[in-house]
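Student: For the sequence shown, our numbering gives the first residue as 1, with consecutive numbering after it.
Honestly, the hints are just simulated from the structure, not real lab data.
Predicted model only: the values in this text are computed from it and were never measured.
There are no misleading hints in this set.
Calculated pairs, DSS-like style, for lysine-lysine (alpha carbon to alpha carbon, straight line, at most 25 Å):
{"hint": "1", "residue 1": "142", "residue 2": "179"}
{"hint": "2", "residue 1": "191", "residue 2": "144"}
{"hint": "3", "residue 1": "251", "residue 2": "231"}
{"hint": "4", "residue 1": "303", "residue 2": "231"}
{"hint": "5", "residue 1": "175", "residue 2": "205"}
{"hint": "6", "residue 1": "205", "residue 2": "179"}
{"hint": "7", "residue 1": "266", "residue 2": "307"}
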Amino acid sequence: MKKILLVSYYWDQKNSIGRQRWYNLVNELIKEKVKVYVFTASNKNEVVEKGQLVIIRKKIFDINSIFSNLFSSKYSRGVIDSSESLLNKFFSWIRVNFFFPDSRVFWSLSSHSFLVNFIRERNISTIITSSPPHSMHCLGKKLKDSLDIKWISDFRDPYTNWDIFLNMKPSFFAKKIHKKIEKNFLNNSDKVLVTSYALRDEYLKNIDKNKIIFLRNGSSLTTKRSITNEKFIISYFGLINKFRDPIIFLKTLDELLSENDKMSSKLELRLYGHIQDSTINYIENYLINKKNVKIFGNIDVEKVNEKIFESSILLLLLNNTKIQNTIPYKIYDYLVSEKQIITLGDYVNVDVDNLLKKYKRRNRVAYNDKESIRNYITQSFRDFNNNNLKNISLDYSEIKFSKLKDILFEII
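Modelling step: build the complete structure from the supplied sequences, incorporating the hints.
Tutor: Here is the structure:
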């Protein structure tokens, strides 16, 4: 029986995007008779075995929790507010300039001796470290050195060429240290997983093409009939932050609602996920039709699929920066749901643009393109009223975890 150890910091955080990729992949591997051990951070020490899945929870001091509580920072959730305080900016600067690769490095490295014994006792042949936090790879490197074990490093987000990382203002010297660490991870891993072709192309400058594997995120969504709803519902799932600030979209929608009584009586914008305070304040204080905007915050992952199917169309926000080496996690569920998508983003994102084209969705729209936004909403609402808002029924098997697991199964 094949045995693997997965190091996944966010495994116990059920609603975290940091968990979803590997939660779905692990479930698929178990079906292939792979025994999976998951090592994760927790507030207690325990080993829980359920058939082919073993969860190893290790309570270890994490300095990051002190910083987060002290500065009330939401940085670890990606909520980088457009109106972020100077104190939080200072906190972020401390993290990126004094902790390498990040402030979870103490949790990671202090787990080494425990895992060396555990891996030997259980005769585990392969370890996978998933980041961020990128310090998980420090543990992978150290375990490989100690055990000469097969090590797969998974970069579900970039490291040094990542807009979140660069927004924290690393100094020239800190950047050099981080880049050296990143290169060390890439060179010493047996295989490197990435979630976008753009990041694969970046890493090909440092490592051989046979070492790097494109393993996209995917969907476990089961396509079903859309829920009939009298409301025309536009839904967004994910972060709204400094890099994804849909203020022009909100302004345009507000204008349309003021102009069209029928639309005002039927349209509802639903926002799910972590939303920056400045966006919430704008909705509450400046929108004339704020009654049409519903803010739900983060909801249980089990409920997300239901809310997707309740929607008429879906809103997708790309990070509005020149660096386009990531793909929003929810795009795969959006596509598999067969719903129409309005995608906002100013910069070419080859991965996203290709997915939209392949699965016959409309092209990306610039954040400040009011005319295109107006036309999209107006036409979609007209189609909705005429019972002509069609789902896009295609073969989505290539972007489902049930298929993607074949790539992973082959390399382990």
